[in-house]
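Novice: Sequence:
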Amino acid sequence: MSEEQSETGTGWPRPVGPARPQGPAGEPDPRPEAPDPDEISPLVPEGEPPAQDGGSSGAAAVAGVGRRFTSAGAMIALLLGLLGFTLVVQLRTTSTDPTSAATRQEDLVRIFSDLDSREKRLRQDIESLEESQRQLRSGEQGRQAALEEATRRADELGILAGTLPARGPGLGVRFEAGSKPISAYRILDAVQELRGAGAEAMQISGGDGASVRIIASTYFLDGGDGALVVDGRPLTGPFTITVIGDPTTMATALKIPGGVAASVAGDGGTVIVEDREVAEVSALHAPVKLEHARPVS
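Per my numbering, the very first residue in the sequence shown carries number 1; after that it's consecutive.
Please note that the accuracy of each hint is not assured.
[To be verified] Derived lysine to any residue pairs resembling SDA-like cross-links, with alpha carbons at most 20 Å apart:
id, residue 1, residue 2
1, LYS255, ASP208
2, LYS180, GLY207
3, LYS180, ASP225
4, LYS180, GLY268
5, LYS289, LEU160
6, LYS255, THR236
7, LYS255, GLU274
Calculated directly from the structure, the hints in this document are not laboratory data.
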């Protein structure tokens with residue numbers, strides 16, 4: 001047997017290569033054999049092909065992932081923005097008006113009553129104006145209709161200005177004082193309620209029979225010993241307001257909860273409302289002398 005066969009124990013020759021270092025007493029060196037640099041191959045994840053052009057493919061993959069994350073983030077931000085906008089709109093829509101929520105029930109009833117009365121008056125005015133328009137467009141009768149319309153408007157303006165007397169269905173509202181005198185504020189409140197309910201003409205009378213026409217510029221002041229000053233003229237109690245208009249609507253406006261009658265009763269006084277088929281408003285107001293205004297020709 002040859003020397004090589006005696007060392008390996010087989011008849012196959014050993015591979016030719018550099019001699020392995022030997023330990024003491026001819027034992028092999030326990031240190032691992034250094035791998036051949038030519039036999040080292042790069043680690044490639046299973047199922048992925050090795051890179052062909054160095055780091056370019058890796059950079060492209062990272063860029064693609066970044067683009068995907070950027071697009072997804074933009075879409076998420078857009079959806080969150082739309083959701084927030086929808087929530088804000090819904091909250092504003094369902095929120096209640098703090099002014100309406102804080103209003104008392106008595107005030108709401110009075111507001112609704114005034115709005116209903118104004119709506120009825122406006123509808124009547126619309127029907128009257130439409131009828132006047134049809135008459136003015138009717139040809140030969142147009143001139144006569146225009147003259148009648150001008151006369152009617154002049155009478156209405158004279159009644160509103162207090163320069164003409166008026167009569168018609170209405171109310172007599174009597175104020176009797178109790179523990180406290182009837183204040184000018186209560187009378188003004190009653191006049192405003194009556195105007196809101198459709199009053200067309202008013203006058204106020206004192207216990208001595210003196211009367212003052214109430215127009216848009218009329219003012220009320222407290223006088224001495226429970227007296228009332230109306231447009232500079234003193235009146236003594238009890239006071240009576242004679243008003244022309246729809247009796248039912250005006251009486252309802254005065255008697256609503258928290259209204260004029262309730263306020264006077266709270267001061268110890270009494271408000272007596274009397275329906276009148278024909279109410280006479282005979283007190284006149286002197287016409288205002290114009291100093292600067294001139295009609296346009």
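Novice: Next step is simple, just say for each hint if it's right about the structure.
Specialist: Now for the hints, and whether the structure bears them out:
no., hint, in the structure
1, LYS255 / ASP208, "violated (27 Å)"
2, LYS180 / GLY207, "holds (17 Å)"
3, LYS180 / ASP225, "holds (11 Å)"
4, LYS180 / GLY268, "holds (6 Å)"
5, LYS289 / LEU160, "holds (16 Å)"
6, LYS255 / THR236, "violated (24 Å)"
7, LYS255 / GLU274, "holds (12 Å)"
Figure legend: structure checked against the earlier numbered hints; hints not met, in rising order: 1 and 6.
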